[in-house]
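Asks: Based on the provided sequences and hints, a complete structural model is requested.
Protein sequences appear in the order of chains L and F.
Under numbering that gives the first Met the number 0, think of the first position of the first sequence as 0, with each following residue one higher.
Under numbering that gives the first Met the number 0, think of the first position of the second sequence as 0, with each following residue one higher.
Hints may be right or wrong, so weigh each one.
Stated by the list, open to error - Simulated crosslink set (DSS-like; lysine-lysine; CA at most 30 Å straight-line):
#: 1; chain 1: F; residue 1: K56; chain 2: F; residue 2: K249
#: 2; chain 1: F; residue 1: K207; chain 2: F; residue 2: K56
#: 3; chain 1: F; residue 1: K365; chain 2: F; residue 2: K380
#: 4; chain 1: L; residue 1: K270; chain 2: F; residue 2: K428
#: 5; chain 1: F; residue 1: K444; chain 2: F; residue 2: K384
#: 6; chain 1: F; residue 1: K369; chain 2: F; residue 2: K401
#: 7; chain 1: F; residue 1: K365; chain 2: L; residue 2: K270
#: 8; chain 1: F; residue 1: K369; chain 2: F; residue 2: K384
#: 9; chain 1: F; residue 1: K207; chain 2: F; residue 2: K117
#: 10; chain 1: L; residue 1: K270; chain 2: F; residue 2: K444
#: 11; chain 1: F; residue 1: K401; chain 2: F; residue 2: K380
#: 12; chain 1: L; residue 1: K270; chain 2: F; residue 2: K384
Hints were generated in silico from the structure; no laboratory data involved.
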Amino acid sequence: MSSAVLSTSAALGRPFLFDADSEPEVRCHPERSGKGAKRISRGVEGSLPYSDPRLASVTPASRLEIRPAPEMVTSGIPALDALTGGLPRGCLTEICGPASSGRTTVLLAALAAATRRGEYCAVIDASDALDPHSLAAAGIDLDHLLWVRCGDDIQQKVPKSTKESAGAPPLSRTLRQGGGFDFPSQDPMGFQQREAGSSPRCEGNSSLEKFARNTRLPEHRLEQVLRATDLLLESGGFGLIILELADLPPQSARRIPLTTWFRFRRAVEHKPTILLAIEQQPIAGSCSALLLQLGMPSTSDAIRLKSQTMKWTKTMNYTQADSSREAAARESPARQCRVSPEKGTQSHRDGTDFGGITADDALNVMHIAHPTHAHLLTELQIHAELIRSRLDRKPSRSVMFETKTAWAG
Amino acid sequence: MFACIYVPNFPVAAALRAEPELLAHAIAIFEGKPPLEQILAVNETARELGISPGMSKAQAELCSDILLRPRSPLQESSAHSALLDCAQSFSPTVEDTARDTVLLDLAGMESLFGSLTKISHAISDRAIALGLAATVASASNPDAAVLAARGFSAAPASCRLSRGHPAPAPDSAPNPRIIVIPAGKEAERLGPLPVEVLFDDHLQGDPKQAAERLLETLARWGIRNLRALAALPEIALSERLGQQGLHLQKLACGTASRTLVPVEAPLVFEEAIELEHPIVLLEPLAFLLNRLLEQLCARLASRALATQELCLTLELSNLTGVDDELENPGIPSESDEAESSRVMWGQPPSAVRRSEAPLHHHRQPKFTRKLSLPLPMLDAKVFLKLLQLDLNAHPPGAPIVKIHLSAEPARPRSAQGGLFLPPSPEPEKLELTLARIAGIVGEQKVGAVELLDTHHPEGFRMRRFVAEVARKAPQKKTPDAAEAQAAVTALRRFRPPLLANVTLENGQPTYLVCRRKEVQGEVLWKAGPWRFSGDWWEREAWSRDEWDLALRNDEAVAFYRLVHDLLNGGWFVEGTYD
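Replies: Shown next as structure tokens:
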């Protein structure tokens, strides 16, 4: 079963040329290029109705060492592209890491790059955690982004009438909740009726049932994610589909059967779609063509940010003292920005050093109408390590890059 | 040249169009108020069983194999509209001659559709696609076409004014439903037709009596067919029957000439079906919906139109009937009509965006669902799936006795994808996918994001995701510009925010404890507070201080946004920077 091992001229986009002068475009295993290869060549030559001696140089696809290289597209972060070559189309890519390791930053960068290319993207958000303002700040075309927000139990949306709680007849309740309506043949998932039918059981008021419902919540979210992913992969036409499992506990995420990942890999294969999974720990096994591990922020990052804070605070004091009237005019009642004042600061307009900050630095931030707190996270360093790549068999490498800017508030 | 499309035995044809599975059965259409219902029309199989128009319903019921259907004006109206659509798809000049007859001018159509025979076959095929078995006759003048269509049709004679058996079709037309009369041969081809064909079937009152008197006179003279009428001397005929006699002779000769009265068929696409027995399951409902949708789509396709909005109206069985049938003693009282109807239809109070408020009638409640599509579509299977998903999410909750489906016509989309443009999801597939995902996560939880003009932290809303074919190539930004957009520190929100206990020193947080174990620990670094407030002029005012924190939990360090609600006094972890 080596269906994935095929590499011909067609796979590489080159014409078939059986020219003796041309170099062979495929490579054989060294150990297989001996007697076996000659025997195969003789067999091929003898079996073909036309005996062209040039066909003896043709190597069967099963003997090929290289695979068709998937098309690589930029991830939106040049440092990551230099590390991995980009994100492969038609493959599953895993990006994992702990909280604050930069997973969402990479996600937004990939989304922004895809929407800049004019592609449609979909995010299946298991924990409903995306911030739309961050999406817009990252330069994502929101019209090209489909956001599937999982995690809300739709069973809780079914209104509960007073008559029903007072003990209405069961048949009437079945009709009111659509119990008589089902079409299993038309619904490939076959879930909706079961959910509607099971809602009376799930809406119990006892604490035990509430506890059971809470413990089932990650599984319920996971179920929603997998179903939505199946449907989107089947629909096609998306350039980037992201499974956002970053907040899902690893023990819950590991419950995804490996067959599901195989199915996803097969569904996305030979399609121009990038399937990207964001998670805490790698869970797809060998189904992912690329595995990227993002590192945890260190204490030194916090110390550097602390000094950055001081720098910003002083800068803001400088600019506020110099243009307090303009700032007051800019600020709206609905949005105010306040910086802790520090007494004894002085302003200099001659470009000399001002507590480690020059006036030029201060002027550089003047263009920001409302410098918000998240600007202080600028230059937050993200450490990425390439764990596995189907395309690159070199040892693991790592790269570090910084965030440019941030938005908040 | 003119063509006439005639649907013989129209009430039966309309019923068969709504229920094609009845084609092999003996059916009879009755009308009238009980107990005086009378048989109006029957098909050939019923006639062989001895059922004929004019019999009472009770008499017809003695035959066990007969299927009786009440006359449905709505079905006949739909069939008539389909007939007009069929004619309009071939010629812009269409005359609505009668309920079962449509005339169209074929002048200049040969260059588009070919010879008259080809046009006639195409019209017949189009009518069959619309569910109507029509007879198409073409002639050089309108009246000759009408006479040929009515006379040569295979309609049973009993459904007309005691007309006798239909005349055999000419040998030149192998299909008995296609009649092509060359110019100059009208009298020869119309000659064998009986004289009853000169009078309309649907005459009522005095015109009908006058027609019967004329037929009686002609019968006394021994005039049985049009050839005999055409051979009568004009002056003698004029002396005895007046101008009406001369007009009838011209009709028999095929020389009567008149101009068409063109009509502009209204763009109303409605189909309906009344059920003899209420249905309570979605599967048979889907079967009927499929039939209606196919008819609607065929009609829309014949007019080169698509639809962007489907409206499904289900007439439900009255409440007493529901409970009686289900033997359910919990009958909602009349005083609780509003509440009970809402619960019964199973709609959540927050009405879905594609739904419309159910219409309230006193004893015949109606359930209406409106399916708005982002783009004009014309695929009956897609429509059926969407309606199924919608009905599954919002069941009507009562037996259905009548189905009415209407489509709002729209011009079909004419977008063409470019070779060098990135692929986009197919609108039909995408709409189905979105409907299915909405069934999984909820309708308000899937779509595109739209930012609102507010500074509220959650100032956005979800809107419908539409994947239009890109009309222009994506903007190619310079590498510097693309790089400048990259690597933006993102905020991940906790929905809802996590309630936190915060230890303060000099008004600044130093330690944080939260319900989540990973979101608690010593504050390594902090920045803030930044005060935000808004909507103070409304009831939902908000005011808060925001902090950015670096928390150390064991060996892990993570960045969070901490919020102090100044109005309610709580501390919340709103999200994490990731």
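Asks: Against each hint, give a clear statement of whether it holds in the structure.
Replies: Going down the list of hints, with the structure as the test:
no.: 1; hint: F/K56 to F/K249; result: violated (41 Å)
no.: 2; hint: F/K207 to F/K56; result: holds (25 Å)
no.: 3; hint: F/K365 to F/K380; result: holds (25 Å)
no.: 4; hint: L/K270 to F/K428; result: holds (16 Å)
no.: 5; hint: F/K444 to F/K384; result: holds (20 Å)
no.: 6; hint: F/K369 to F/K401; result: holds (16 Å)
no.: 7; hint: F/K365 to L/K270; result: violated (46 Å)
no.: 8; hint: F/K369 to F/K384; result: holds (14 Å)
no.: 9; hint: F/K207 to F/K117; result: violated (37 Å)
no.: 10; hint: L/K270 to F/K444; result: holds (27 Å)
no.: 11; hint: F/K401 to F/K380; result: holds (21 Å)
no.: 12; hint: L/K270 to F/K384; result: holds (26 Å)
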